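Engineer: Here's the letter readout for the chains.
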Amino acid sequence: MTAFLPFDRSLFEHPAKIAQIFNKPAIGVLPLHFPIELIEAAGALPVEVFGIQAPVSTSDRLAPPFICSLVKTFLETAMTGGFEGFKGFAIANICDSCQNAAGTLHYATQGRFFTVLMNLSMHPEAQSAKEFLRHVVLNVKEALEQGLNTNITDGKLSHAIRETVRLRLALRKLLEKRALGPLNISTREVIDFVRSCWMMPRSQAADMVESVLPRIQPQSPSGPGVLLSGIVPAPYGLLDEIEKAGAFICGDDLGISWRNTSGPYDTEGDPIDLLINRLLNLEPCSTLHFQRKDRGDHLLERVKQTGAKAVVFFRLKFCDPEAFDHPYLKSRLDAENIPSQMVETDLRDASFQGAATRITALIESL
Amino acid sequence: MSGKIKAAETLKELMGAYYIEAKNAGYNNQKIAWITSGAPVELLHCFDIIPVYPENHGAMCGVTKMGAGLAQAAESLGYSPDLCAYFRIDVGTSETGGGPIAGLPEPDMLVCSNNICKTVIKWYEIQSRRYNCPLVMVDMPFCEDEIQPYIIDYVVNQMKNEYIPICERISGIKFDQEKFFSVLMEADRSVSLWGEILDCCRHKPAPLSSFDAFIHMGPIVTLRGLPKCGDYYDVLLAEMKDRIAQGIGAIDNEQHRLVWDNIPVWFAMKKLGGFFAERGAALVAATYTSSWAVMTKFSEGDPWKNLAEAYLSPYINRGFYRRVKILADLMEKYFADGFVLHSARSCKTYSFGQYGIREELTRITGKPGVVIEADIADERNFSEAQVMVRLEAFMESLNAE
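Chains as they are written, first to last, in numbering that gives the first Met the number 0: chain A, 0 to 365; chain B, 0 to 400.
It is possible that part of the hints are untrue.
Which bits of chain B does chain A cover? Going by a derived footprint, with three or more residues having C-beta under 8 Å, they are [as the list claims (entries may be wrong)]:
no., segment
1, 60-68
2, 109-118
3, 147-154
4, 200-211
5, 341-353
If you only want the chain A side, here are some residues facing chain B, beta carbon under 7 Å, derived [what the hints assert, rightly or not]:
no., residue
6, Ser56
7, Thr57
8, Leu61
9, Pro63
10, Phe65
11, Ile66
12, Asn99
13, Met121
14, Gln126
15, His134
16, Ala322
The hints are simulated quantities; they were obtained by calculation from the structure and are not laboratory data.
Nothing here was measured: the structure is a model prediction, and the numbers come from that model.
Built from N, CA and C at the ideal position, the CB exists for glycine as well.
With these hints in hand, go ahead and build the complete structure from the sequences.
Structural biologist: Written out as structure tokens, the structure reads:
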């Protein structure tokens, strides 16, 4: 599977080198939920960085120790030249750390990159949320047009939406195959593959996934299926440990994969309306706030869809949204007699023996 | 010359009476709403719903050093010790009925605004499930720089179409525009008085310090919109004017004037207050206390828009460069010669950015600053020796200026 990757796995640590491969003006995107279609429509490359595993030292000057490694390593990369050649950064304010990262990034890089911080609606069910988001999306569009010195036409935006939806649907097909049995590639390779799609032109990524899909097939399961939840299943080496313990990953609810491929998948109509509609109707996520959609219900539904026998929560240390949700989600699983295990991790963890032991114990108990 | 603030006794009685009323709400057929410190409380007063502030209670737990124990009760339910101490204390209080006032009265509804952080959204969702009561979420978007009219409209719309109907349903009282205006007038009065009190610190020596203001801000947070709030601040302001006339300062021999950023280290107030006082340093302004002084003129022009704008404007809802400007303005206004930034482990919104702010603020003002790492209410996250060494070094640099 590694052979399917559009670039070497080591380049995940070097966004600037990835941007060079695709020869486009690049925007560094801090996950999740930024409407990257606008960046694509501006003719730029949205490079969504789901963490860098390099050690952190430079960013300690500007970030306190209690910031999650996803945000901190993004800042570190910016401060150490890892985004050289990029034009700017795009961030949706999904959490307090992401929100504050925008100003610090701008300050840390002395304004050499433009930074777009986008407000999501934290109350998407409010009557006025749609109108609010219209202003937000149009402001983001204008900021990108200014930063990239271009015009985003309706035609370009519609095309970007179609291609992004094509990618999301293709990835969903790939991710859904796991429910049928262990794939002929490892989960780590699947996640790497998905991760690469968020760092390349979405049109090319969609072509790549569609071409690879027929070659990825489920095998007969020889162990129990496990569902993963969290933002990123990092450190990624832990995924190998789950499979070594005799289980297979039958599905996930991860930010990097399942949530980032959330619908709605509409492609017809006014492109701004389509973006707003998606933002209002995303699937439940720890970083979103719905009063009529329950994340516990959603997780149980995912367990049912995938036939999972257990759930492993990957909680990045200092990731507040996930930390708040975990006790509730666990209680919902407990009520259905679905065992789960939470591992608290850091992207930069070189040693994860303790977490691996807990996961192994969970799998052995199934 | 320094001396204790006499109004402190009145404050104790006022806040005591408030908590007694809230605790007895059930007996008096009154409704309770738990509300975040940045949510528009004025609307609750229109329906005679008693607001209760878990954050205020968290601060009380911090001061009385009961925070860690209650936080641990939440941690035993699976909540990470890295989450906000106020949240953990609130959940721990719900779970155990502990704390300095033996638990908070159960809520009939919850009101939450994210202009202070996103933590409160998750926190109030959790408590809404626990108490099975409605949650009013007034989304107050982050305003990096200017507050745009469409954001104001969004907030106004939520207050009118989401907040009021739930208050009407819970209280059984119809919204009354006249009552709303009278509450806003009272809120204006209190906020103006609070601003005047803080402005007394422009005087040398400052008649009260930020450590005093942290305590005396109780009414502006919890009773804003009620006549008793303004009445109390009339008393406090008169005392401050009297202290200025008599040359009474918050500390003896004021030599340095400092600005504080962030929520206090509630459990170490006495220690830190003593440290600064012994070194002749008065904390003359704080971004935290002044956040309730910028909420002015609710009642002029379009009150709804003014209310929304006021609630969008506090320091903590603003971006990096706006924060630097607010701090620089405070430094200038209060004639400060240094600043202390409290990096609070509980509060990412307040704290992430402070290291850059320190650099930038020093560049702009030429004044030194220090960052201390501590917490708001969980004393386990406080290394006294480390903090004191850092502050000592800062004071030495200040003396060398």
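Engineer: Each hint: holds or not?
Structural biologist: A quick look at each hint next to the structure:
| no. | hint | verdict |
| --- | --- | --- |
| 1 | 60-68 | violated (count 0) |
| 2 | 109-118 | holds (count 4) |
| 3 | 147-154 | holds (count 5) |
| 4 | 200-211 | violated (count 0) |
| 5 | 341-353 | holds (count 8) |
| 6 | Ser56 | violated (14 Å) |
| 7 | Thr57 | violated (12 Å) |
| 8 | Leu61 | holds (5 Å) |
| 9 | Pro63 | holds (5 Å) |
| 10 | Phe65 | holds (5 Å) |
| 11 | Ile66 | holds (6 Å) |
| 12 | Asn99 | holds (4 Å) |
| 13 | Met121 | holds (4 Å) |
| 14 | Gln126 | holds (5 Å) |
| 15 | His134 | holds (4 Å) |
| 16 | Ala322 | holds (4 Å) |
Hint violations for this structure: numbers 1, 4, 6, 7, all remaining hints satisfied.
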